[in-house]
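**Q** Protein chains in written order, with UniProt numbering: chain A, 1 to 385; chain B, 1 to 452.
Certain hints may be false.
Unchecked claim - So, partial list: chain B residues that the calculated Cβ filter (under 8 Å) puts toward chain A:
no.: 1; residue: Thr174
no.: 2; residue: Leu179
no.: 3; residue: Gly227
FYI, nobody ran anything at the bench for these hints, they're computed from the structure. Where is the CB? At the ideal position from N, CA and C, for every residue including glycine.
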Amino acid sequence: MQDILDRMRQVAESPLDYAAEWKARTGRKVIGLLPMHFPGELAHAAGCLPVILQADDEPITVGQANIFSFYCGYNRSLVDQVTRGALDGLDAIMFGDHCVQLLGTADIIRDQRPDMPILFNQLCSVLDADWAMRETRNTFVQLWKELETLTGQPIPEETARASIRAFNRSRGQMRELYRLRKRGEVSITGRDMQAVIKSSMVMEKGEHLALMDRLLAEIPRHAPSQGAVPVYLSGHLCHAPDPAIMDLIEDCGATIVNDDLFTGWRFIHADMDDGLLPAEAMARWYVDKNRKVPCPTRATKSQDWEDYLLEQCAESGARGLIVLMVKFCEPHMYFYPEIKEAFDARGVPHLLLETEHEEMPMEALKTRVETFVEITKRRSAAEAA
Amino acid sequence: METLVQTDQARPVFGNGLKANKLKATKFGGKLVSEYWESVFRAKEEGKKVVWYNGTYIPPFFHSHDLVWVHGEAWSAMLAARHKEIGAQGRSDQRGYDRELCSYARTHIGQMLIELDKVKSGHHAMAADDPRVETMLKLPAPDMIVNAYPYCSSGQQWDDITYRTFGKKIPMFTIQIPLLWGGRPDAGYMQGEEWEERSRYVAEQLFALTKFLEENTGRKYDYDRLGETMSFVKKAAELRLEAMDMCTVHPSPASFFDWIVSIAPVNFLPGDQNLVTYFEGVKAEIAERVKTGEGAVPKERHRLFFDGMMNWNKVGWLADKFAQVDACVVAGRYTHMSFWQEPQLIDLKDPILGMAQNYLICPNNHGAPIMIGEIEKVCDKFDIDGVVCHASRTCRGMTNAQFQIAGSAKKYGRQAMFFEGDVADESFYKDELLNVRLEAMVEAMDAKKRAA
Ligand code: SF4
Ligand code: SF4
């Protein structure tokens, strides 16, 4: 099993190297995708490798000439990557999200790499509007056409449907791993779970599906273990959390039982309906998924992120919530106070950790997490008594 | 370069110590703004429904339906301009809104929380002589919320929070004004397939807005009245542009700061004859100044372009600061590329499409290449020597393309500089940094002129 996780980790850590090798091997195009709402299925159906772009580990250097320090680490890292040429292997980038910071990044990418095709189609952000479905469908149809122009090949509906099926299967496999983790039947560290999800954002689908089949078969099952404090991890939208944070949380005596991270449950929770016309299925998936896992970057009046989190903590047996907030992430900053108030009102322990792309004060964070774990333990013991 | 001197007001004055020569006609705007807020405060007494809104200049839709509107940004800017924002920001800080979040939003949300605290506790917690009490007591709660924020997601999320803070009970309508990315082969300023499509999309949403207003007031929407309201707005917008065009002369008779204080009439004040009167006054004074050669800056030597969101608690301060180094900020992205910028698009018999198009061309709603192309045209037209970028800490909507804007300025032989500040949070403003950078820029412009 370790070889599977090693391979996934290797791909997750160097996605662009993987993409370059794939491109050299297949002679096909690599499409960079920006989080959090663009269907990789479409690029896959066009015969390309969709790669969800990640922040890398490099400190921001040359990128500083193009982006202010008060932007989230994800945007600053992307700008740094494009400025130093790290994204040159991509054949196109596909996005059009709503977060104002990403819109700025789109323009910097266009400025730095004027020859790189940017398939920019802004998604409707008001998901309960009467026209949300129609607009979203139009956006995906437009994208469909632009991908056909890029590759010079039509994308047959049947191929798109096959891609949808492959992606559904992939998400289903990862959800199964989540289910096993939640029930305590398998042990998988936060770091390894990140490797599983992040590698699926990069790897050629067939390869990842095969690795996951093996992983699900080989990962040892055991009876739920006692001891560590079960916690739920929330937040970190586009930006994947540094695995060192996961290690730190676990080293302090907690175990992560579930999450709503983008490089986590948020990415895998919703499937597309392969019985519908593909553009329709994609639009439905986009418009509906916010109702299942609320996203603060979308406006849906009926949804409450805090209620979702309370429910999910209870359902997964988590005794506390750790909110990982990317510094300068506006959508998250807007909605955090409501989460805090709801958890306070219910008496569920919670901890906010603000993360930065550059160095984080790990020792100080450790002290805070240790205290949190201690409080959570005590509260659980008092409740049990 | 002259050094800092201390004035009798004990306020450090930079450069030559001179003050900006502001237009007198803009005083009428102050009166109109006060009257507007008074009418807002009277709304409940008069039995009028109140809409809270954020974003683009949609009040003609409300005005034509006899509604009263509270513009969240104007409210925050007003508190900031009157130096009353600190309490509101403190309250939002107390609820956990991070100070890196849009300070317009934080001020507005904080103020709203203070209002709700009062409602909940049955009294207000501040001393009766606290200067904030007066304004806070008066802001009427919303009957409807409308959001129509071009480009900036923060603007949309801000109203989501307003909606939630009022317990999700107030009807809310959100209009999406999508970015004009300008990536298709036929794209250009107000042209191409994307422009046509997006214009129709926003117009359709505006039409749906009138239906929303009908549903929530039980009254039929009067489209003729909208045309009538827009006739005043259109006329005012034309006068404003004509007056702006007269500032191509040297010295410029009006500055960016005069246009900043003239935003309210084209942004959120009621569309009536007063708007026209206001801009007639401004235009007449500018014409007089052109005749006599009077400048907005006593000794104009350099002409600048201001990029970025306004620093609302520093309007007068900055106007004087630039005057003190003989630099006239003649134009800006915020003032010269927005607010009914293309009035000819509005057909008074059927104004909605033209209104949608004016909303779409708000300057940050264009992808950078088209937006920067338009900035260059403004800079050429007004004979600009340098571009000053206000890196407004919490407003990414306006800082997004600033490195490219500065790069473009340099490419075309203009100086460019940045200074740190914010829309409504004074703590981010760095006066000393601005002084040093402005001095350096003026020196460079001097050297260039000497060499020429
Ligand atoms: S949503 Fe947050 S993490 Fe994503 S790009 Fe915007 S600011 Fe960054
Ligand atoms: S960040 Fe700027 S553009 Fe966005 S809502 Fe705030 S003030 Fe408006």
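**Q** All the hints need checking, so say for each whether the structure fits it.
**A** Against the structure, the hints:
no.: 1; hint: Thr174; in the structure: 5 Å, holds
no.: 2; hint: Leu179; in the structure: 5 Å, holds
no.: 3; hint: Gly227; in the structure: 25 Å, violated
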